[in-house]
Amino acid sequence: MATDLIPMPRAESNTLRAQEESLRAYLAERLSIRTRFAPLSDVRAFLVSAARPDGPKGLVVDASTSVAERIYLYVHLAAHVALRHNVPVMTVVEPRGEPTTDAPIHRDAEELARAMWWGVGGDSHLGELLPSRRSRVLRAVLASRVARGVLRTALVAMRHAYYRLHMGGALAESRLTATLRRALCVTAVVCVAPQLVGRRTTSSR
Amino acid sequence: MSAGRRRTCETTPGARPDTVTLVRIQDTARVSQAIQTLGVGRSLDELVDRLYVLSEGSLELDRATLHRIARGKTRVARAIDTPEACIRLYFALMILGSEQDLPLETIVREGRAVLAGLVGDPLATLIVGDLERTLPKLTDLRTLREYLEEALRIWLPI
Chain A
14 MATDLIPMPR AESNTLRAQE ESLRAYLAER LSIRTRFAPL SDVRAFLVSA
64 ARPDGPKGLV VDASTSVAER IYLYVHLAAH VALRHNVPVM TVVEPRGEPT
114 TDAPIHRDAE ELARAMWWGV GGDSHLGELL PSRRSRVLRA VLASRVARGV
164 LRTALVAMRH AYYRLHMGGA LAESRLTATL RRALCVTAVV CVAPQLVGRR
214 TTSSR
Chain B
8 MSAGRRRTCE TTPGARPDTV TLVRIQDTAR VSQAIQTLGV GRSLDELVDR
58 LYVLSEGSLE LDRATLHRIA RGKTRVARAI DTPEACIRLY FALMILGSEQ
108 DLPLETIVRE GRAVLAGLVG DPLATLIVGD LERTLPKLTD LRTLREYLEE
158 ALRIWLPI
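Protein sequence lines, in the order shown, are assigned to chains A and B. Per our numbering, residue 14 is the first one in the first sequence, and the count goes up by one each step. Per our numbering, residue 8 is the first one in the second sequence, and the count goes up by one each step.
The following block holds chain B by itself, in its conformation from the complex (with noise of 0.2 Å):
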């Protein structure tokens, strides 16, 4: 575990030891781009407040966490550090991007460039492309959320 992450875990009292460090965003200044692209048009109480009820609570951002890492002032943030954190960020901005009629590939560019600077480019660069190649051959709504939790599980392990 190098210095800088010991900081981090003594910074965030009360985080999990085990799963803080599991998670760093690998490119700061990419995700905030791809944040305030995503978020366009709206204030960081509203952003914070729209991904705590996409997440259905589980993304618990506070407006300062999201207010470091939209600057990109950070590279550790408790509320997503974990895998499945993640991934949630990844699709709830991604939602975020279709309330606000943004361009669908600057939805899938931007919400790529979130999940990449989160879990590193080449993974991110092949759950990308599995996403796009089998979503068209699941019709069921049921069958896709029990495809999304066992990718979770094989490609981002906690």
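Extracted from the complex, chain A is given alone in its bound form (with noise of 0.2 Å):
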């Protein structure tokens, strides 16, 4: 068997990370989808199930993609499971590029995660778990690909300023700072997997 530790591509925020591990905690308990992580080339990640809906399930990611990249494999994933497209044993490959079988079930599952990362549909015990539920103003901006861009590297500046200033001190509770670390967190998801804001297009990717 492959082995279970958890490679971590490359430096992330500790609130991509944490949110990460909390929806992974959750697939385990919530969905018994135990996740692993290993060196796939060909396709982002699969899901494999038993036979029954609430049977064990194992997730296997590529160990190469990105925490935000992560956190919309389990949402997308989470919706296959509502949508049992899993059950009786139907293994959900995710490509890397757009789906060339099963293009109906992962365009159902799309607008399924969708709903459940705004938090306006779906599993809400997951919802509740998730940084962009109700954001309506950051939905609404993030729509945009520049206005994306923007706002991600303005977030990302303000972090790095963060950081170099000491600033943690006086504002790490701050609800400021809270507000901000969540729009970095969304924002980054939603750049990597932009279909969240929109019908995938070729020019958004």
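Source of the hints: derived by calculation from the structure; they are not laboratory data. Note that CB positions come from ideal geometry on N, CA and C, so glycine has one too. The reader is advised that the hints may include incorrect statements.
Simulated restraints, written as ranges between beta carbons of each label pair [claimed, not checked]:
| no. | chain 1 | residue 1 | chain 2 | residue 2 | range |
| --- | --- | --- | --- | --- | --- |
| 1 | A | Ser-77 | B | Thr-113 | 37 to 47 Å |
| 2 | A | Arg-47 | B | Gly-136 | 19 to 29 Å |
| 3 | A | Glu-124 | B | Asp-69 | 54 to 64 Å |
Two chains, two frames, some hints: make the complex.
Here is the structure:
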């Protein structure tokens, strides 16, 4: 069996990491999905399921994916499970590009994942964990590719300034910091999965 | 545990009691027929050697056991008493069939008969169906191996 160690591909924000960990724990506890990471060159992830809907499931994610991509994959696969695309014994494969087969089921899962991500549908327990729930303003801003890029750059710059100027002591617990952290997390995930703010198009990739 | 299983355990000293009863050959006649079809032209000794090599030593069927399985004389065999061993035997026999230049449909059909005989037809149908759907989507051997490992763990947990 491949290793169960969880490789972190590169320096990522602690907020993103914490988010990824809580979602992974959610998958394990609520959906019986055990996640492991392995080098996969041709696909991003696949989910193998038992015959029963409540049976064990195994999610293998490419070790080189970023934390933001993992968060997106968890939400997307939770949508597949909610739609029962995985039973009985149906392996869900997440390709690197557009799915050439199973396009309809991926489209349906995408729709539900989008609703779950913004907290307007699907699993309410999962919705409670997501930083994006009911963020109407952020959703509207992130719908534009240009605005997405600008916002991400601005938030990353603020993050650098925060640490460089040692503002942690004064602002660590402030609402502003919490809001900015949440915004950075949501923006990072939407940047790697722009389909969360609209239909996936080639230009938005 | 049935009396029959207990008797089988008693005749296989040294076998691990927690794994001996996990898998039983459910259709001995069909498995026997499939083994004979897939191993056509080979003696039992050759089959035993080839299965050992193909499974990299993990499927240690002795000649007498294989003889009993191939003749439909036993429902339990120590060497295939775990789910992994079932899958190994399933794959190894299909490779054997391909080495004999049997038609693809025959290999798939007989291989499936072996799997169904070992794990039951409903699960075998689902497994074979998922293999057929999923394998074309995986182009890298490493990914394929990860898939097979994960599938084995999920479908046939020990």
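Right, here's what the structure says about each hint:
1. A/Ser-77 / B/Thr-113: 37 to 47 Å: holds (41 Å)
2. A/Arg-47 / B/Gly-136: 19 to 29 Å: holds (23 Å)
3. A/Glu-124 / B/Asp-69: 54 to 64 Å: holds (56 Å)
When each numbered hint is compared with the structure, no violation occurs for any of them.
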